[in-house]
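Asker: Chain residues, written in single-letter form:
2 protein chains.
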Amino acid sequence: MRRSAAWAENLAFLVTTNQTITMSRVRISITMSIDGYMAAPNQSLENPLGVGGMKLHEWVFGLEEFRKTHGQSGGETNASSMVVNEMFENVGAVIMGRNMFGPIRGEWPDDSWKGWWDDDPPYHMPVFVLTHHGRASQPMQGGTTFHFVTDGIASALQRAREAAAGKDVLIAGGASAIRQFLAAGLVDELNLSVVPVLLGAGERPLGDLGEAGLVLEQKRVVDAPGVVHVRYAVRRGG
Amino acid sequence: MRRSAAWAENLAFLVTTNQTITMSRVRISITMSIDGYMAAPNQSLENPLGVGGMKLHEWVFGLEEFRKTHGQSGGETNASSMVVNEMFENVGAVIMGRNMFGPIRGEWPDDSWKGWWDDDPPYHMPVFVLTHHGRASQPMQGGTTFHFVTDGIASALQRAREAAAGKDVLIAGGASAIRQFLAAGLVDELNLSVVPVLLGAGERPLGDLGEAGLVLEQKRVVDAPGVVHVRYAVRRGG
Chain H
1 MRRSAAWAEN LAFLVTTNQT ITMSRVRISI TMSIDGYMAA PNQSLENPLG
51 VGGMKLHEWV FGLEEFRKTH GQSGGETNAS SMVVNEMFEN VGAVIMGRNM
101 FGPIRGEWPD DSWKGWWDDD PPYHMPVFVL THHGRASQPM QGGTTFHFVT
151 DGIASALQRA REAAAGKDVL IAGGASAIRQ FLAAGLVDEL NLSVVPVLLG
201 AGERPLGDLG EAGLVLEQKR VVDAPGVVHV RYAVRRGG
Chain X
1001 MRRSAAWAEN LAFLVTTNQT ITMSRVRISI TMSIDGYMAA PNQSLENPLG
1051 VGGMKLHEWV FGLEEFRKTH GQSGGETNAS SMVVNEMFEN VGAVIMGRNM
1101 FGPIRGEWPD DSWKGWWDDD PPYHMPVFVL THHGRASQPM QGGTTFHFVT
1151 DGIASALQRA REAAAGKDVL IAGGASAIRQ FLAAGLVDEL NLSVVPVLLG
1201 AGERPLGDLG EAGLVLEQKR VVDAPGVVHV RYAVRRGG
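Those sequence lines, one after another, are chains H and X.
Position 138, counted from 1, in the first sequence is what this note's numbering calls 138; the numbers after and before it change by one each time, with no gaps.
If you want this note's numbering, it's the 1-based position in the second sequence plus 1000.
Some hints here could point you the wrong way.
[What the hints assert, rightly or not] Here are the simulated DMTMM-like cross-link-like pairs (lysine to aspartate or glutamate), alpha carbons at most 20 Å apart as the crow flies: (1) Lys1055/X x Asp223/H; (2) Lys1219/X x Asp223/H; (3) Lys219/H x Glu1058/X; (4) Lys1068/X x Asp1120/X; (5) Lys1219/X x Asp208/H; (6) Lys219/H x Glu1217/X; (7) Lys55/H x Asp1120/X; (8) Lys1068/X x Glu1046/X; (9) Lys1055/X x Glu1089/X; (10) Lys1055/X x Glu211/H; (11) Lys1055/X x Glu217/H; (12) Lys55/H x Glu1086/X; (13) Lys55/H x Asp1223/X.
[What the hints assert, rightly or not] Label pairs and their computed distance ranges (CB to CB): (14) Gln1141/X x Pro41/H: 24 to 32 Å; (15) Asn1085/X x Thr150/H: 53 to 61 Å; (16) Pro1103/X x Thr150/H: 20 to 28 Å; (17) Met1023/X x Pro225/H: 58 to 66 Å; (18) His1132/X x Asp118/H: 35 to 43 Å; (19) Arg236/H x Pro1041/X: 47 to 55 Å; (20) Phe1061/X x Gln72/H: 46 to 54 Å; (21) Ser1155/X x Trp113/H: 43 to 51 Å; (22) Pro41/H x Pro1103/X: 54 to 62 Å; (23) Arg220/H x Thr1150/X: 44 to 52 Å; (24) Pro1041/X x Gly62/H: 35 to 43 Å; (25) Pro1103/X x Gln72/H: 32 to 40 Å; (26) Pro1122/X x Ala79/H: 30 to 38 Å; (27) Arg236/H x Asp1118/X: 49 to 57 Å.
Calculated directly from the structure, the hints in this document are not laboratory data.
This one's a predicted model, so the numbers in the text were calculated from it and none came from an experiment.
Cβ atoms here follow ideal geometry from the backbone N, Cα and C, with glycine treated the same way.
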């Protein structure tokens, strides 16, 4: 009896695995302080991650892999390099919240704001920006195009999946977008890079998710200088 | 110039290391959900860790090392076993908050409540309970004695250090006691066991510590089934 139950479980696992390989997945990859914040309070033009928020990302700035994608040479290689490489591996489209795109709130005064990045943003693929205020799609150099979605996360995901053409969709942030996609049970994989920082206040990507009925399974741990990277598989529970 | 600065730093490091070896340290070792809680809301006699809080500790219940300290045989051994063993290694006294000792609030009606554990609690050393309501020390079987401290955390630490006689002091919990000791800059080592659970509400041991000026350094990561154990050195920053 026990053996046949185990056999059935293995079969179910193989079927699930097989589906996972061929399906486009929805992934999250964020850096979080040990007190649960992914950005500090008071975001502004000068402080895209809020006042003090940049120290969340100190683990990444010195890496060769990061510098390369931002047009710089040099830098070091360590256990985090693999994690940085994986972030966009097999990703065909990105979704982000409006605050991750820029500091402007309310109506767009004009089309002059084109994201926190330079003319060649580090995405090189379609990026869908969640907003309540419509705007024409904004093509950039290097293959990035910003599309503005005004009818919610499900619609953004549908458009991103179509654009990704079988590849994965990355929910890049910010905290509110992350929470919404997790709460709706739309996420397959959560990559947390946890840094030894106590921000004390700010944006909590995993706040208020107790009622979402999510089941997380720890899949991989990478011990790197000044950061631990943990990958979780995410599904809706029974 | 640079070489002599490096030499001075190395010397300072050696002196610091030497002091650390001979000094009693204050350590924290707690299990936390990935959304930052170490207990769920609504603690009661039936639910010492709040409603749903027990699932934080599923990683430990099946371990031989845990079962042994709770008078049970059998169980498994995995990467978490070492972490469980280390928790009380070289610890000479324990400090805990009143809610970790019991569900009673306000004045003690009598001395009948003797902790969440049985007649032989798994500490086997002096345990200092933070409370606003005095009570005679309570000796238990197996070497545990509960002492009740009514004059604050600094006094509790002083008494615990004396009792520990050169060994370390473990701040066992709960969240409020952890926060107070961290905020006061009294902690040398923080061991976080992070589990893939989203509680959504409860007690946050690392909440509101943004102004404490703490500098944390990631010292060790242990990848274990269903949990990742991260050790941080803690000090007051400049």
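Asker: Against this structure, judge whether each hint is valid.
Answerer: Results of checking the hints against the structure:
no., hint, in the structure
1, Lys1055/X x Asp223/H, "violated (25 Å)"
2, Lys1219/X x Asp223/H, "holds (10 Å)"
3, Lys219/H x Glu1058/X, "holds (17 Å)"
4, Lys1068/X x Asp1120/X, "holds (13 Å)"
5, Lys1219/X x Asp208/H, "violated (30 Å)"
6, Lys219/H x Glu1217/X, "violated (24 Å)"
7, Lys55/H x Asp1120/X, "violated (46 Å)"
8, Lys1068/X x Glu1046/X, "violated (23 Å)"
9, Lys1055/X x Glu1089/X, "violated (25 Å)"
10, Lys1055/X x Glu211/H, "holds (15 Å)"
11, Lys1055/X x Glu217/H, "holds (13 Å)"
12, Lys55/H x Glu1086/X, "violated (31 Å)"
13, Lys55/H x Asp1223/X, "violated (25 Å)"
14, Gln1141/X x Pro41/H: 24 to 32 Å, "violated (51 Å)"
15, Asn1085/X x Thr150/H: 53 to 61 Å, "holds (56 Å)"
16, Pro1103/X x Thr150/H: 20 to 28 Å, "violated (50 Å)"
17, Met1023/X x Pro225/H: 58 to 66 Å, "violated (26 Å)"
18, His1132/X x Asp118/H: 35 to 43 Å, "violated (58 Å)"
19, Arg236/H x Pro1041/X: 47 to 55 Å, "violated (23 Å)"
20, Phe1061/X x Gln72/H: 46 to 54 Å, "holds (49 Å)"
21, Ser1155/X x Trp113/H: 43 to 51 Å, "violated (56 Å)"
22, Pro41/H x Pro1103/X: 54 to 62 Å, "violated (36 Å)"
23, Arg220/H x Thr1150/X: 44 to 52 Å, "holds (47 Å)"
24, Pro1041/X x Gly62/H: 35 to 43 Å, "holds (41 Å)"
25, Pro1103/X x Gln72/H: 32 to 40 Å, "violated (57 Å)"
26, Pro1122/X x Ala79/H: 30 to 38 Å, "holds (36 Å)"
27, Arg236/H x Asp1118/X: 49 to 57 Å, "violated (39 Å)"
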